[in-house]
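*Asks:* What follows is the residue order along each chain.
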Amino acid sequence: MNTKQIAEMLDGVLAGNPDTEIRRFAEIQHAAGDEITFISNPAYTKYFETTNAGAVIVSQNFKPPSKRQDITLIKVEDPYMCFVTMLEFFSKDSHPIEKGISDRCVIGKDAVIGKDVHIGDFTVIGKDCLVGDSSVIMDNVTIGDGVVIGKNSVVNSSVVIYHGCRIGDNVIIHSGTVIGSDGFGFARSKEGKYRKIPQTGIVVIEDDVEIGSNCCIDRATIGETKICRGAKLDNQIQIAHNVEIGEDTVIVSQAGIAGSTKIGKRCMIGGQAGIVGHLTICDDVIIGASVGVTKSIDKPGTYMGYRSKPFKDALKDEASVKEIPSIKERIKLIESIINKGK
Amino acid sequence: MNTKQIAEMLDGVLAGNPDTEIRRFAEIQHAAGDEITFISNPAYTKYFETTNAGAVIVSQNFKPPSKRQDITLIKVEDPYMCFVTMLEFFSKDSHPIEKGISDRCVIGKDAVIGKDVHIGDFTVIGKDCLVGDSSVIMDNVTIGDGVVIGKNSVVNSSVVIYHGCRIGDNVIIHSGTVIGSDGFGFARSKEGKYRKIPQTGIVVIEDDVEIGSNCCIDRATIGETKICRGAKLDNQIQIAHNVEIGEDTVIVSQAGIAGSTKIGKRCMIGGQAGIVGHLTICDDVIIGASVGVTKSIDKPGTYMGYRSKPFKDALKDEASVKEIPSIKERIKLIESIINKGK
Amino acid sequence: MNTKQIAEMLDGVLAGNPDTEIRRFAEIQHAAGDEITFISNPAYTKYFETTNAGAVIVSQNFKPPSKRQDITLIKVEDPYMCFVTMLEFFSKDSHPIEKGISDRCVIGKDAVIGKDVHIGDFTVIGKDCLVGDSSVIMDNVTIGDGVVIGKNSVVNSSVVIYHGCRIGDNVIIHSGTVIGSDGFGFARSKEGKYRKIPQTGIVVIEDDVEIGSNCCIDRATIGETKICRGAKLDNQIQIAHNVEIGEDTVIVSQAGIAGSTKIGKRCMIGGQAGIVGHLTICDDVIIGASVGVTKSIDKPGTYMGYRSKPFKDALKDEASVKEIPSIKERIKLIESIINKGK
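As they're listed, the protein sequences go chains A, B and C. Taking my numbering, I'd label the letters of the first sequence as residues 62 to 403. Taking my numbering, I'd label the letters of the second sequence as residues 62 to 403. Taking my numbering, I'd label the letters of the third sequence as residues 62 to 403.
Treat the hints with caution; some may be incorrect.
[As the list claims (entries may be wrong)] Which chain B residues stay away from chain C? Per the calculated CB distances, all over 10 Å, these:
(1) Glu69
(2) Glu149
(3) Gly237
(4) Gly253
(5) Lys356
(6) Lys373
[Unchecked claim] Only pairs whose alpha carbons sit at most 27 Å apart, straight line, appear in this in silico DSSO-like list of lysine-lysine:
(7) Lys389/B to Lys401/A
(8) Lys383/A to Lys356/B
(9) Lys393/C to Lys401/B
(10) Lys176/B to Lys160/B
(11) Lys389/B to Lys356/B
(12) Lys389/B to Lys389/C
(13) Lys393/C to Lys393/B
(14) Lys360/A to Lys323/A
(15) Lys257/A to Lys377/B
(16) Lys136/B to Lys251/A
(17) Lys389/C to Lys65/A
(18) Lys360/B to Lys251/A
(19) Lys160/B to Lys188/A
(20) Lys107/C to Lys356/B
(21) Lys107/C to Lys389/B
(22) Lys401/C to Lys393/A
(23) Lys373/C to Lys377/B
(24) Lys377/A to Lys212/B
(25) Lys383/C to Lys373/A
(26) Lys401/C to Lys377/B
(27) Lys360/B to Lys383/C
(28) Lys389/A to Lys393/C
(29) Lys254/A to Lys257/B
Hints are computed from structural coordinates only; laboratory data are not their basis. Cβ coordinates follow ideal geometry from the N, Cα and C atoms, glycine included.
Bound conformation, chain A alone (with noise of 0.2 Å):
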């Protein structure tokens, strides 16, 4: 594909050589003559005077820091989006799947496959499941009983989903990812012993969620945990009884979402961040990473540190612990004028 090719792929505006072939993307420091890369990043504009590579991505008002004629500018609105969209076109087909369905693996009873599915080597599906058309369901997957995924839906390595739960279209399970294990329910007796709670519940992920590696998704005790659609889940992320996720949010590794809460709509919670349970959280929430949460939060905006306080407070705080050692300075000096003028 030739520089001319995609600047009109990418509806953008071409200035200098139209015929330099492309065969990548490329980081900026790294590129190659034959590669494309990109600047939307002020703090990359650096390497333009360096880059070998043949071809780079800009905004429509970039300024080169200095003059490369060996270089041919395409030029676009949204330099981010297009280097996604150039990524996409040159990692399209890089790493086929060859689709079908093993013959070591255990497809239970009654369970209905659609077309074009691949299951892999020692993956177990159990009775009455449903795999939705061109779904793939990688290796030494564990599939229990009655549970269903939709179409399109990539399932890798590993995964164990328990009995009962539903997985919907465009999904995508990171290895090593646990869904539908028990709730952490437990009554206490008198006497400090304690007596399981069973868990009776499902968990639901709704159609184009993607979901890290090594998360943990607790089915609900009665009724469903739910992941609304669109959400995005990173890795080691724990996922309580009975939460539900909000359509679009994002949360990052390492969170814990604990019991019974719910989380609205487009938020983003950071990483290794703690919400208690019982909690609502209103849509349009960014919790900075760490944050622990311990109250519901009925406004949008961003709230950050140790028991997330709205970032300006957090801040404030901070600063004022900083200002305790010239307060004493200041007191000492009173003190010692107040004595003074005994």
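Model the placement of chains B and C on the given structure of chain A, informed by the hints.
*Replies:* Same frame as chain A, now just chains B and C:
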């Protein structure tokens, strides 16, 4: 089962229709006429007026917020425990496992498998293992040589138990959990290179323990890492080498306990809490969520905040910080008075 | 092996019986007459009077707290390193693996398997893989197409390595760890919907690295996520896309490193620490447990507390907060004096 029979089963007093047929347990907001629900937490009393439940389990002194002739009440001493009893009753046999030893599993030489055991597909049981009567080992599980598993225990899919570890009776281990991998031990040379310290011990899980998904319980360097009888661990918990968790202690998800720390009986460790190595935590200690514990604790009680201050101290420190701005105002006023007086 | 032979092996000086037969290494509290133990940390000297060990490895200047004619001392320069040597000696061959390639594994087309390799049951090796001589791949492992594994490495059960990743020589990877799953990258549209950014890179694990259980190391968006020679990672660690971990750096369990961050050589990252993305941490930095690092660090040293203050600053801030109540008392006194003077 009708409401009269349920009242008898729960040792409760029936007020209303003794003949209502009940088929399921349900949440009060969603219950239908053939479903029973409960009110234990007063926050749920508000749903009493609108619930469609056929019967509601309530405490002996429950005062209905409104007359509902159509609802049958079952008055009991402890509605929460009765809720668990009902849930157990209705969930029993809801997901039976057809027991048997798969012909697609591998059982090592000299392994002894008890009566009425289930071993799933693609599961590997090592040499010289013992699996007690009525235990269930699901699919894609890997159990190393010489592992002992007691009676009536459940090892879910994709669990790995390394060689030599011992699991008791009535233990439940959820998917993705790894028991007995090497503790994190390296000796640092003067040049800053690391030499692995062999981890020669084992993990012992006593009776009645439940362990969630994707936990890690490391084998001891020498001796045993031990989870004592009745302890309950949530998901994604890290237990380092030579740790001991006391009887009936509960640990919430994503907490981590560093090497050689001993935790007493009936403790509760909050989610994402971290306890550093070589500490001793006495019986009946509650550690708040996300708390970092850096010193041994020898007094029962509740510990909160960064570095596990006792709860009251944590609240006091937090309140103190809030007062700094007003302290500054007062000093400024004093300084202006003194300056005027000069 | 008798005590005389051990003293020679450790290049130590024997004081006591040269003929005591030693069969095992043991902890000082539990050692028996045919077992050897060591004292390195003075906190364990108190056990000297009561231990039943046949021999104790001590430092050259060790002063016995009491006369124990029955105990043989072996005086050495570095008792801790000698403890490791002894543990290695006695644990060698304690758990031998009978090597071989299971007839229940799957090896993809054009994969090349070296000499003396072990491949366990229900393990899948993809197409075009290379597995170097003497490496051990345990059971239920899934290795994607084109993965390269060096010599003498160990991949434990239930590990997943996605396509194209490269693992060096003498690497140990513990169970449940996922290497090469997709980095967490999405482009947000103006409407708040997310579009997946293809993750086209790989993960490179260099020689002599050890990785604990249930870790996640994501593949790069473009290029490589890299764990450099000799680095040691504990359990449940999250390494995001395009991160680089320097040589001989140690990371304790449950820490998370966000995307594109570079960590230097010989660093120590505490448990549950979190490091945000796009930072550079220089060589020889120590980050305390649970610390959140939000800025690059360019000076070696120890960093503690929320937002990774240098250790001294963290202690100072903490002490400052404790002084607020006394500051308030002093101001109150001053105010009363001033008011009286009016």
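*Asks:* Confirm or reject each hint.
*Replies:* Tested hints:
Listed as a non-interface residue, Glu69/B keeps its Cβ farther than 10 Å from every Cβ of chain C; the least gap is roughly 47 Å. Even its closest Cβ contact with chain C, about 31 Å, leaves Glu149/B beyond 10 Å, as expected for a residue assigned away from the interface. Chain C draws Gly237/B into its interface by the beta-carbon criterion, the shortest separation being 6 Å against a cut-off of 10 Å. Separation of Gly253/B from chain C is inadequate, the least Cβ-Cβ distance of about 5 Å not exceeding the 10 Å criterion.
At roughly 13 Å, the least C-beta separation between Lys356/B and chain C is larger than 10 Å, which holds for a residue marked as non-interface. Annotated as non-interface, Lys373/B keeps its C-beta farther than 10 Å from every C-beta of chain C; the closest such distance is 13 Å. Between Lys389/B and Lys401/A the CA atoms are separated by roughly 23 Å; this keeps the pair inside 27 Å, and the hint holds. Annotation: proposed proximity of Lys383/A to Lys356/B holds, straight-line Cα distance about 26 Å (limit 27 Å).
Straight-line distance between C-alpha atoms of Lys393/C and Lys401/B comes to about 20 Å, which keeps the hinted pair within the 27 Å bound. Restraint check for Lys176/B and Lys160/B: the C-alpha separation of about 11 Å stays at or below 27 Å, so the hint holds. Restraint check for Lys389/B and Lys356/B: the C-alpha separation of about 34 Å exceeds 27 Å, so the hint is violated. Using a Cα cut-off of 27 Å, the hinted pair Lys389/B and Lys389/C holds, with the two alpha carbons roughly 10 Å apart.
Taking the CA atoms of Lys393/C and Lys393/B, the gap is near 13 Å; set against the 27 Å cutoff, the hint holds. For the hint linking Lys360/A to Lys323/A, the alpha-carbon distance of about 14 Å falls within 27 Å, and the restraint holds. Taken as a hint, the Lys257/A and Lys377/B pair is broken in the structure, with Cα atoms around 37 Å apart against an allowance of 27 Å. Restraint check for Lys136/B and Lys251/A: the C-alpha separation of about 20 Å stays at or below 27 Å, so the hint holds.
A threshold of 27 Å between alpha carbons decides the hint, and for Lys389/C with Lys65/A the separation of about 72 Å lies outside it, so the pair is violated. This hinted pair checks out: Lys360/B and Lys251/A have alpha carbons roughly 21 Å apart, not beyond 27 Å. At most 27 Å may separate the alpha-carbon atoms for a hinted pair to count; Lys160/B and Lys188/A meet this at roughly 14 Å. With a C-alpha separation of about 21 Å, the suggested pair Lys107/C and Lys356/B falls inside the 27 Å cut-off, and the hint holds.
Restraint check: the Cα-Cα separation between Lys107/C and Lys389/B comes to about 52 Å, which exceeds 27 Å; the hinted pair is violated. Distance check on the hinted pair: Lys401/C and Lys393/A sit about 20 Å apart at the alpha-carbon level, within 27 Å; holds. Between Lys373/C and Lys377/B, the direct Cα distance comes to roughly 23 Å. Compliance with the 27 Å bound is thereby established for this hinted pair. For the given pair, Lys377/A sits about 58 Å from Lys212/B by alpha-carbon distance, which is inconsistent with the 27 Å threshold.
For the suggested pair Lys383/C and Lys373/A, the alpha carbons sit about 23 Å apart, so the restraint of at most 27 Å is met. At roughly 31 Å between alpha-carbon atoms, Lys401/C and Lys377/B are farther apart than 27 Å, so this suggested pair is violated. Of the supplied pair hints, the one linking Lys360/B and Lys383/C holds, its CA atoms being roughly 22 Å apart against a limit of 27 Å. About 14 Å separates the Cα atoms of Lys389/A and Lys393/C, which keeps this hinted pair within 27 Å; it holds.
Among the hinted pairs, Lys254/A with Lys257/B is inconsistent with the structure: their alpha-carbon atoms are about 40 Å apart, more than 27 Å.
In the structure shown, a violation is registered for the earlier hints numbered 3, 4, 11, 15, 17, 21, 24, 26, 29, in ascending order.
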